[in-house]
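Use these hints to put chain B onto chain E, whose structure you have.
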Amino acid sequence: MGVLRTIRARPADPPLDDGDRAGALLRRAGRGDQAAFAQLFDELSPVVYGVVLKVVRDPSQAEEVAQEVFVELWRLAARFDGTKGTARSWAATLAHRRAIDRVRSEQASRDRQDRDAAQTVRDHDVVVAEVESSIDQARVRRALTQLSDLQREAVELAYFGGHTYREVAVLLDVAEGTVKSRIRDGLIRLRDELGGES
Amino acid sequence: MSDIDVHHLAAAYALDALDHHERQAFEAHYEACEVCRADVLEFRDTMMHVAASLATPAPASLKSKVMAEIATTRQLSPSVSPIDMSRRRQMRSLTGVLALAAAMVAIVVGVVVFTGRDTTTYSDELARVLEQSDARVVDLENKSGTSGSFKVAWSGTLGEAVLIGENLPPAPQDKAYELWLITPDETKAMYVLDPATDGNVHRTMKATADPTAWAITVEPRAGTPVATGDIIYVATV
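Chains E and B are the protein sequences, given in the same order. Quick note, the first sequence lines up with residues 1 to 198 if you use this note's numbering. Quick note, the second sequence lines up with residues 199 to 435 if you use this note's numbering.
Only chain B is shown next, with the shape it has when bound in the complex:
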């Protein structure tokens, strides 16, 4: 299991040869992976030549149908991203200058440690999970009222899960996000996110139980064995 496995997925992705779950999981990964993103763009450009070789005149009726339909179809607005930043700034201003300074030091340390993981181990681990025939991926529904997203990919046969968090605002002071694996019998504490890292989290963990849901709550910074906070992200399986 090496980085090469991820690139294998990039090629199959560019051919639309991944099934629905793998496609979702790969899309979650490749936005954050420059190598895969570059590969996908190159492979798509390559397949553009193949597509061009298939060019066939469309039936004359197609144009009038398309033009009639677009005349009554609303267009989406351009994507404009930086709403998240203002929210983050507001939250940070509450934490006070000293706490912010301490957090910045922690972020720098965290990023240095994290970058190494992100380019090698995490990719390998995600690829290993996705290769399993029972691999599943879910998007957690965001009930927090702020920016951020979580996905979980897991495989029961492998007994591993990968948590992918993006664009997360910092947890409130002295608090941390905690991930729970929910089964009919128990709510199992899986992982307390390190509040010192930036808004993006990639984490692999053991997951032997068969989940009926995944959830995230905000808990005391040290984590708790039993959930106490409201569920702010959730996905049922």
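In isolation and in its complexed conformation, chain E is listed as follows:
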């Protein structure tokens, strides 16, 4: 495995598909290769920044959080384990987690529930509008329409809105257990529509 990774990481190798390319760059970055990390930034920054901006909303805060995410990717690069998902998926997970941490620490100091709920309603339209431009976006839009209203609302309030499922239950005025079920059912439906592979 180690040998294979080393060979893959050589720049002279033929181009790999997207997930592997990011993974190979991340492994090179894990050995201190800053040029590889710069390429990795170009690969991943639209997804990382897009996820963070969606959750945090404020562009200057989003930039700060995205910077934290990339520095953490740099610090942890040597611990990347390709058997636990692609580098792109890891980066998106980390970006979402950091964005959530940021909005939750803010929430601790002021109650933004009403405003967030109102924004989330508007955001759905924004999502639909944003989605027009690419095949990936169109697939996601189609997949989201396959969810029931409650499934979609629960998934969106959690993932885009940064709310815990308990907060989502309050926002939608349904039982916590119902929200957990809808989130799970919604993700299974999305997985079936979009496939598990990224």
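Accuracy of the hints is not assured; some may be wrong.
Stated by the list, open to error - Examples of chain B residues lying across from chain E (beta carbon under 7 angstroms, computed): (1) D214; (2) M246; (3) A250; (4) S277.
These are calculated hints, taken from the structure and not from any lab test. Virtual Cβ for every residue (Gly too), placed ideally from N, Cα, C.
The following block gives chain B in isolation, referenced to the frame of chain E:
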């Protein structure tokens, strides 16, 4: 309360929709649960598509800030795990060949009995505790100087606690780990870990008192009602 509850947590976890305590507790559980681990990976891959649909060009200033910061940021070493094994081997060599043989028989029996519990009952019990609005989880600080970790999840309204021990070296001969629930009024003996099981322990128990701390000591194998050994793991609440 069924296995399905745990999977519900896997989906909410993949969306980062668990609060801090639930997140910790689920992470403690899912490393040991293949079903949940597979679910989380699949759900994350699914959400990767959603994330991709959000892609937005980053501000031009971001790259130069990131590259400047990483140039002065130390990277962590890769995770290398097997240090624990050498320690275990040393400890086992002290116990003698006969004791080891007896222990191996006990481990095999223990694993056979334990596996059934682990995949069904324990998951249900942990999920039931975590569902309570007053559920808490703590990592016990390891003062033992050897490998191993303990976490405790509990709920006062449910009156139950779940002990999760991982990568534990065997207790010294004729000794066993014992868990204590500490309140301002008493130190209550909760559970004596079976030294015959392997280094991973998942155990549910009644916990009606409101703890101010959890602690683990090494005690005679049969357990004692009053702690006598040094505290080797501890967490204050």
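Cross-check of the supplied hints:
1. The beta carbon of D214 of chain B is positioned within 7 angstroms of a beta carbon in chain E (closest approach about 4 angstroms), and the interface hint is therefore held.
2. Checking M246 of chain B against chain E by beta carbon gives a least distance of about 4 angstroms; that is within 7 angstroms, so the hint holds.
3. The beta carbon of A250 of chain B is positioned within 7 angstroms of a beta carbon in chain E (closest approach about 5 angstroms), and the interface hint is therefore held.
4. For S277 of chain B, the suggested interface contact is upheld, since its CB lies about 5 angstroms from the closest CB of chain E, less than 7 angstroms.
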